[in-house]
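Hints given; two lone chains; assemble the complex.
Residues per chain, in single letters:
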Amino acid sequence: MPAQEGEDAPLLPPDTPLKIMEEEKPLLPGVTVRAATPERLVHLCVESFGDDGDLIDDSEYPSVLFLMHKWFMTSEELGKAFVDIYQSCDETILCTKPGCIHLHSNKGCEIQAYKAKICYAVRYWITNFPVHFDLDTHLKSVIRKFGTLVNSEGNHMFKELIDLSKVPSYDWMRNMSVRPGNSMRHNRKVSLVFNHLEPLELAEHLTWLEYKAFRRINFTDFKNYAMTASLKDNPKLERSIALFNGLSQWIQCMVLSKTTPQQRADVIVKFVNVAKKLRTLKNFNTLMSVVGGLTHSALARLAKTNACIPSETQKTMMEYTELLSSNNNFSNYRKVFNQCPGFKIPILGVHLKDLILLHTALPDRVEGNLINFRKMAQLSQTLKELTKLQNHEAPPVCANMDLVNTLRLSLDLHYTEDEIYELSLAREPRNSLSSVSETPSTPTKPVVFADWLAGVSPPDPNTINKHVHDMVEAVFKNYDHDKDGFISHAEFEAIAGNFPFIDSFCVLDADQDGMISKAEMKTYFFTANCHALRNSFKHDFHEYTYFKPTFCIHCTGLLWGLIKQGWKCKDCGINAHKHCKDLVVMECRSKQHAACNRRLDSVSNGPSPHQDLTYSSKRKMSQRQKRNRVHVGTQTEEAYFTDLSRHINGNWGIRDKLIAENKQLKEKLEQSNEQNIMLKSHLGVIRKNTIAFILEQMDALNIQRDTEV
Amino acid sequence: MREYKVVVLGSGGVGKSALTVKFVSGTFMEKYDPTIEDFYRKEIEVDQAPSVLEILDTAGTEQFASMRDLYIKNGQGFAIVYSITSLQTFQDIKTMKEQIIRVKGIENIPMILVGNKADLEHQREVPTSEGQMLAQTWNCPFLETSAKNTQNVNEIFIEIVREMNTSPVKEKRKCCSCVLL
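In order, the protein sequences belong to chains G and L.
Using full-length UniProt numbering, the letters of the first sequence correspond one by one to residues 1 to 709.
Using full-length UniProt numbering, the letters of the second sequence correspond one by one to residues 1 to 181.
Keep in mind the hints are simulated off the structure, nothing from the lab.
Derived CB-CB ranges, DEER-like:
{"hint": "1", "chain 1": "L", "residue 1": "N154", "chain 2": "G", "residue 2": "E674", "range": "52 to 60 Å"}
{"hint": "2", "chain 1": "G", "residue 1": "E22", "chain 2": "L", "residue 2": "D38", "range": "25 to 33 Å"}
{"hint": "3", "chain 1": "L", "residue 1": "V52", "chain 2": "G", "residue 2": "A394", "range": "44 to 52 Å"}
{"hint": "4", "chain 1": "G", "residue 1": "D51", "chain 2": "L", "residue 2": "E3", "range": "55 to 63 Å"}
Cβ-to-Cβ under 7 Å is the rule here; a few derived chain G residues that face chain L:
{"hint": "5", "residue": "S230"}
{"hint": "6", "residue": "I241"}
{"hint": "7", "residue": "G292"}
{"hint": "8", "residue": "G293"}
{"hint": "9", "residue": "H296"}
{"hint": "10", "residue": "S297"}
{"hint": "11", "residue": "S326"}
{"hint": "12", "residue": "N329"}
{"hint": "13", "residue": "S331"}
{"hint": "14", "residue": "G349"}
{"hint": "15", "residue": "L352"}
{"hint": "16", "residue": "D354"}
{"hint": "17", "residue": "L357"}
{"hint": "18", "residue": "L358"}
{"hint": "19", "residue": "A361"}
Once the Cα atoms are required to be at most 20 Å apart in a straight line, the calculated DMTMM-like pairs of lysine to aspartate or glutamate come out as:
{"hint": "20", "chain 1": "G", "residue 1": "K223", "chain 2": "L", "residue 2": "D33"}
{"hint": "21", "chain 1": "G", "residue 1": "K335", "chain 2": "L", "residue 2": "D33"}
{"hint": "22", "chain 1": "G", "residue 1": "K335", "chain 2": "L", "residue 2": "E37"}
Even for Gly, the Cβ is constructed at its ideal location relative to N, Cα and C.
Chain L on its own, in the form it takes in the complex (with noise of 0.2 Å):
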């Protein structure tokens, strides 16, 4: 079974920790625990193929300007969210692709943009077109969800996992070549 490293990035108090929350409790209904191993684990089937996630979700590190560069190295597939109601978190993640590259030393990152909160319609500030402009620029796929009424949250993680399934990347002799440096 293939086992796939999901970063979920993105400003304080969009919902990543409800966006990981949702998709990991299926396992973990009766008692959460966040500091054990295998609690950000989990297993789903992708187009008849069933593997492992492990996610690393940042939240509550946002600040940690160091921690961030370790997530980032060791996740292969990144979910990047922002709030479809606040704009300013929008404008958080526009360099994020750009600081991923950096870390990672490669173009072809397995990636999502992920508009979150979209159940408070009424208080929207990023219009979902801007969205799929900012995707279209990155060249990787757009969804809006909402942790709340789990809408399209697994569609995430089924999604970068087809991103990363289709972007053979060269990852392996890049990370060696890292440490070799």
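Here chain G stands alone, though its shape is the one from the complex (with noise of 0.2 Å):
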């Protein structure tokens, strides 16, 4: 009986490989292993149920394994484990009822109640676990041969304890970016301007979007952050990421738009009381990461603005940096995440952090080749939190789609930190009464810290594009109130409040009528984006042959068909269905490590007035590479089509002659690709100087006035 095995282990010759090992002091109820064989493992999930179907002492062991096993297996082969179990039944177990001829009806047979056992274990697993069902094909079939092999059996209560078709829909988790559902079309008024907005809602918001991120991140994410930690191919945790950082450099953004130092203040003062109703909401995540924004070097520095900030305000924010603080392991925040019922978010960040020190303190096999399930049980803590969201149905906020909308675009901007720092060197500059200590960079240097945050880049243009659509919509929808498709100046001067920064340097109204048409709206809207984002993170398909069989990136659906399969990013070589490849939300690798580069050498290269010529011609310069590796691409292309040519008719003379229009053409195409990349450098030198002299004297006008008030 397998029951033994596991006490017989000890007692086994030495040179028998262990199965087993038992724990002492179980860390959670019920989970007495301390390493086995997966084998040993499944069995013992199976002996974790009683007879009538229920957990024995409450154990938690089942909902361990269930929720680890893919830590070490996968769905698939923890589905087949049960099924080999079911089938050799009849052999491992010994049924000791006398003249039992082991049927399904046949009362008090022992084989048949391990096999109810098998089915109650699954149907814990499917219950309790429907995202892994539903998301898993391979699993899937896997239990519906079970399901086949328990009918043929003609056991039909079984059948029914492991019946699929409840499974819930996880589709929503296949993408990767938060769209609206229908279901949550609440018609609730609000503003869409920042200065009308009230905290609560902006909490509320703010929630739902984190809420809709959050729970996106899977289990695997999870894991192979912990393993690789690196963001690399982990696109939903990746934007989670970006959504966090975002919040807090919109924040800080919105404090440094601001002229004078009380009007900055007064938006500190909104985004505590934001703050607030975060903790009241039990979002710990986006609470972590507004107070990371309101405390951040290049706010605290701010002396005049602080003096203006009333003590009360201060005090709260005294109060949640302490609540958040690393001290003592985090001990505050871990202490009242515990205790908070219900609904909550927990800060990713910390989390992450236990499950990296987790796995690099504990190995995932020990004794030769057992499981380490005690590190799978104390992993399973920390996991078992990350994971409850996707469970959760709704968060107990209703969200009006509208504000949706206008927020996300709010938080796609991305600026380097080191721009945010130096605008708030220009609002209120260093002087020698300030605390702080003579200046330690010269404030013109371009230290570019945000290479240190290589890994997490900015929304693609594609992203930003749907969504400057959907906020536009949502603008004319609420602001355009006799419906001919215009907006005046002053509503569009508000909305334009909530996106610090990108206003300055276009000219709207291009027709200069007084109004606003949709099309002028998303125009600027989407070039300032460009600006913000320097162009480089759009990915480059085209269409592509492919000479074996090739998956979406998007879709993981086969590109189908003989020729001009798909799309394949000329840079970064992701491939896409036509219709998939404006979803793709994944940054394009090559051009990220192009541009880190790029800025690494600038600031190599020293102060700025060198800056201009070494960033154009940098530009250049990876622009020539990315030409050279266009190239590279068409001759494996042609020799490709070579082979295919000569395999098919053989007819030499078509060939020959396509290669020299091919080349005539190529060389065409260098000419004016040439011509076009000196355009644009000279265009880019133009603009920057005038962006710079701009900006210049803006920030010029702007401390003058600092002064004067």
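And the structure:
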């Protein structure tokens, strides 16, 4: 009987491989195994269930196993393991009932009882972790086959237990970007303008966005991050972190966009009130992002501004800084978080840190090849908390989609830490009275701190384009009262206030008629965003013919057809369906890399006068590199086609003609490309200088105004 | 007994948590529970003076820009770690000192530069001299370590305690003024 194997193990001769190690003091109720082979783990799971299908002594063992199994085996393997046990039951289980023929109709048959427990275990899996089944077709088919097997034995009661038809759909988890669901269309009337927004409204909508992004991150995403400590190929986690950082930056920019200390202090007070509401909503992750933004060095150094903040607000700030402080291993936060019942959003960073530490400290396998189940039990406590939101139906907030769209776009804006800090210096320059010691760095020196964050990129233009579209539609729905497709200048200005610093460069009302049309507004926001993004995160998709089966990066489906099956990015090489390519939310890695190098180089090349030059020449270089890459790409393609044509008809004449033509075209392309690049770099230099000049002038004016105030 | 807060900074994957684990593990061999309050605390004796260290390990939170600021604000001494097998991680930390100065608002900050993964000599991308040079410009000690072979692990923390003892930080006053601002 398998139940005895474990107890026998220590008595076996020393050369027999160990199958199980017992835990002396279980970490969790029922988790008595310290380490074991996968087969033993599955047996133990079956044996955690009583004859009536209930858990024996409320053991937490099955929930840990089902939650954690993907750490060491696929769901398909686990499913198969249950089927294997079921099939070998007749040999491994000893039925002591006299005269029993082991059919399901035999009451008290021990083999049938064991089989029932296997089905109870699988049922437990299906009801408690439906997401595993909906997202994994291999597992689904294993369990379906299992159902057929059970059914063929004539056991309909068991078949019922492992029915998959009630598994809810987790379709939303496959999408990277947060899209408004129809069910969320509450017609709550809210203002879209920051100045008119209530702190509660802001907090609720931020929570809604957070909830949507957080629950998409699945077990495998967490596991990959814990193992690699990198966000590469982890777009969902990356998106959530981008939201976190985006909010912190938005807060800093909103504060710094105001010209007088009092105005800046007012914005800070407003965000502290938002923080209060977030605390009430138990959204600790967004709270961390808000507090992180408010206490950031770019704001903390604003002496005049901080002098205008009422003491009450300062007290609240201190309270939250204390709550989220990393002191004593975040003990304040952990205490409060563990005591919170119901809906709550944990601080992602804190728990990721726990995962990484556990993974570093403990091996996955011990004593030869036994799975270290104690580690699994420990990891499960963190992962349970992190994946809890997946099963939460909805956050306790109602969202207005128009405001969500506006906010989402505001948070997409991307600045470097350095840009923000310089803004802060421009608002309240360092002086000899300031407690900050004498300029550790000259303000103009371009130090790019954002490089340290190389893993997180701003959202790509396609996403932004969609977000701009949604936002503009939302604005017109709410403010274009006579529905003529135009809004007034004043209304536009109010909305643009939500997007600090992007409005200085563009002339919006292109036809100068004093009214803003939808098209004008969209162009405006998109151009402004491109500027903020430095235009280097877009995929360069082109139609492509594959010579071996290739899968779409977005929907993971096969790219069908004989030729031109899909679209390939010229720079990073990802592949997608025609209809999926616009939905891909993944940064273009090779460009990202080039961008990083460029920034690093310009840093090492010293102060600003030379920077323009290095910048543009670097850009030229990277573009040339890109072109070379494209070149190589066409060559390989050409080689493929060469092979193909030789095999098919061996018609050399046509081939040569084509090659000659191809060459000619390529040369032409090269020439125009070169011209294009030259013009672009000219334009870039001119634009850069102009903008620098305008900015300087503006800052000078602001400083003058500040000092007057 | 004096208490020291040491922040371990560096890019993802350089082995920060491995160093931390090696250092604190002496007291917690049997059960690792990184969620308990004093998991990251350890008592060590430096130059005959017993001291308590609290390690603020930033592993896993490297990408969270505003959390890093909070960590730095809380810390007194800083161990800045790169991997000798990755030039990128060395480039990443070059601006760290400036950022710490920015957050702390003081120039004289106790810190140490650490090149980890010294056991992977055959994959080395950052020469020892490069690390020494950076440490010289930062005016701080430099160590090459291996969490795997427990090479120089305790030394990092002993050195940083020494640094904190020698630079009489006027932090108290600075901290208060920060709050008052």
